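As you go down the protein sequences, you meet chains A and B in turn. Counting in the numbering used here, the first sequence runs without a single skipped number right up to 366 at its last residue. Counting in the numbering used here, the second sequence runs without a single skipped number right up to 366 at its last residue.
Some hints here could point you the wrong way.
The list makes no distinction among identical chains, and a pair is therefore deemed to hold if it is satisfied within one copy or across any two copies.
What the hints assert, rightly or not - Derived DSS-like pairs: lysine-lysine, alpha-carbon spacing no greater than 25 angstroms straight-line:
hint, residue 1, residue 2
1, K122, K84
2, K206, K239
3, K239, K122
4, K69, K141
5, K202, K141
6, K122, K141
7, K239, K202
8, K84, K69
9, K202, K69
Quick caveat, the hints were computed from the structure, so don't treat them as lab data. Computed from a predicted model, the values in this text were never measured in an experiment.
There are 2 protein chains.
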Amino acid sequence: MRIAQIAPLYEAVPPRLYGGTERVVAHLSDALVARGHDVTLFSSADACTRATLVPVRDQAIRLDPAPLKSDLAAHLSMLHEVRKRADDFDVLHFHVDMVHFPLFEDMAARTLTTLHGRLDLKDLAGCYRRWSQFPLVSISKNQREPLRAANWAGCVHHGFPPELYPYSAAAGGYLAFLGRISPEKRPDRAIAIARAAGMPLKMAAKVDDADRAYFHTVIEPLLQGPGVEFIGEIGDADKPAFLGNAAALLFPIDWPEPFGLVMIEAMACGTPVIGWRCGSVPEVIDDGISGRIVDSEAEAVAAVRDLASLPRAAVRAAFERRFTADVMAANYEALYADRLLDTATAGEAVVTPALLERAQTARLRA
Amino acid sequence: MRIAQIAPLYEAVPPRLYGGTERVVAHLSDALVARGHDVTLFSSADACTRATLVPVRDQAIRLDPAPLKSDLAAHLSMLHEVRKRADDFDVLHFHVDMVHFPLFEDMAARTLTTLHGRLDLKDLAGCYRRWSQFPLVSISKNQREPLRAANWAGCVHHGFPPELYPYSAAAGGYLAFLGRISPEKRPDRAIAIARAAGMPLKMAAKVDDADRAYFHTVIEPLLQGPGVEFIGEIGDADKPAFLGNAAALLFPIDWPEPFGLVMIEAMACGTPVIGWRCGSVPEVIDDGISGRIVDSEAEAVAAVRDLASLPRAAVRAAFERRFTADVMAANYEALYADRLLDTATAGEAVVTPALLERAQTARLRA
Chain A
1 MRIAQIAPLY EAVPPRLYGG TERVVAHLSD ALVARGHDVT LFSSADACTR ATLVPVRDQA
61 IRLDPAPLKS DLAAHLSMLH EVRKRADDFD VLHFHVDMVH FPLFEDMAAR TLTTLHGRLD
121 LKDLAGCYRR WSQFPLVSIS KNQREPLRAA NWAGCVHHGF PPELYPYSAA AGGYLAFLGR
181 ISPEKRPDRA IAIARAAGMP LKMAAKVDDA DRAYFHTVIE PLLQGPGVEF IGEIGDADKP
241 AFLGNAAALL FPIDWPEPFG LVMIEAMACG TPVIGWRCGS VPEVIDDGIS GRIVDSEAEA
301 VAAVRDLASL PRAAVRAAFE RRFTADVMAA NYEALYADRL LDTATAGEAV VTPALLERAQ
361 TARLRA
Chain B
1 MRIAQIAPLY EAVPPRLYGG TERVVAHLSD ALVARGHDVT LFSSADACTR ATLVPVRDQA
61 IRLDPAPLKS DLAAHLSMLH EVRKRADDFD VLHFHVDMVH FPLFEDMAAR TLTTLHGRLD
121 LKDLAGCYRR WSQFPLVSIS KNQREPLRAA NWAGCVHHGF PPELYPYSAA AGGYLAFLGR
181 ISPEKRPDRA IAIARAAGMP LKMAAKVDDA DRAYFHTVIE PLLQGPGVEF IGEIGDADKP
241 AFLGNAAALL FPIDWPEPFG LVMIEAMACG TPVIGWRCGS VPEVIDDGIS GRIVDSEAEA
301 VAAVRDLASL PRAAVRAAFE RRFTADVMAA NYEALYADRL LDTATAGEAV VTPALLERAQ
361 TARLRA
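Kindly generate the complete structure, drawing on both the sequences and the hints.
Here's what the structure looks like:
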């Protein structure tokens, strides 16, 4: 198929530092190329991709040192360019929330829009209702809760190449916490669990400006006690060792996490995840195989004490079965096939008989 | 004419506290009604207007206590509603930068877009080039500098009802500074000028979070000396007395100010403005009548010493001639007439012979 991937312009594809959406778009684009598709990526010029790159800005917005920029103008210019070339593609896959809706109304059936963020924002329901002709993809089933009536075409979990986080057979002697320090990530819970379980905790955590007061008043005092090592923000290069050497990842969140990439990063290393029953967690963790889904600190402590029941090889196997980039690409391929069938039915001209056959095969498989 | 005014959703129309754009939309809408037009205002429901209100959000975004909101979704929903009703209007007047472009491409000639902000942002030129069919209005000539090639249909200075800032015949014994404390507003220059001229300075200034460091390190030490009174942020109710009792307003800016409402607020009170030759200042101040345009602190000090040469009645007269809401509405009316002539030429059906005649009269007058 001829597939356009339209990425946000905030971070490079993949990002230099953090940034989930652009990372997923990077992996998806490469995996679709590997599966034989003709993929065109619209993004900033600093992308690294196996797809054909259409650069629409000299660099990603967030790290661009220019003092005055306009996110909206940059995205609208990109979408104008996508529309000019829209006839070159069988399917257009957007990762930019809803900003593209007004430009692609006359070809909505040929588009797919993955929503990457939380959906419990006040203004979203009205907007998605007004443009309900656009088929949407969630990144977990739970993410849909605030927008159950929206036009959901599918649910595709994130994935990444299995070699990115190598399997590590031997568990280290510490628990890991990785993420931003913020009340909704509950770093305080992670500390309480580790202490109660009598196991050291290493915290690799970024502190944003918005969370500095919380860090100073709530978390810093907790770090004074024994057994907790705060190592600050770490880069991509350090994450495999940090996660792979841990006995388990603690994911004691208190918010509707739409996916939670770090859970599958840990699983890829063979490191089981102890996660709260919240947001996407029950969908991502195979309870008793790749980790434990818990409802309380007591359950989390019990899970830490019972880590021997979660063999690391089985954790890695769960990752390989469900969360590789190729699995993600195959799932999206089936949804693209749906789009092709829909548009072919609608009498549009872009679908050749060969493509149609391929699409029907994918639909049967899906 | 049947005119739609499309306001931003960030502040109420007019704003409860600060906010320039929504204030101008409020005055323009009321003045157009007073001139006999059929005006419909699209905005948040907390608007106070003589126009027919179409509320598209329960309240303005910035002061909405809801923790999670989406600016973009809110604006797109509003624009969707405007488009549904577009045939009810002869002219659609947008005050929302460029977010509406994709929805009104097929009726761009019937639209007018006033740009209210600075235009030297990295991504703007490309965006306005791609949607060059949309006629734009600047709020000063100088504002256009970074985008000289854009499709400028006119330039209309801001205005407000003359009774809002009553004329005050007697000058008080202090200089006034009113605005945000930020490096580009140069409160430090205001302090230096007042001290060199030997006249007290009163500073009514808001300190945003982003400017707190600048305030503490640069401005606070300067406040220790004599003759400067820092009175913090003041509301609309206190501004007429604060400006009207001043001998002059200091406006020593260091950035491309697109308009600068406070200059005409001072003028309405009869208070002359001493402004830097920067941004819109040379267009707004009638040099030697409503104030002085200066290039240096020495010139500013000389202007303070020579304030007797600027009679307050002449300052007020300059305001009444150029900057009332009715003057602004008349200027926009002429531009709306241009739109009517253009769309009539293009063979569209919405223009009646009576309207056409009125439009041609307005064009002759303009």
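Any hints from earlier that this structure breaks? Give me their numbers in increasing order, please.
-> Per hint list: 3, 5 and 9 violated.
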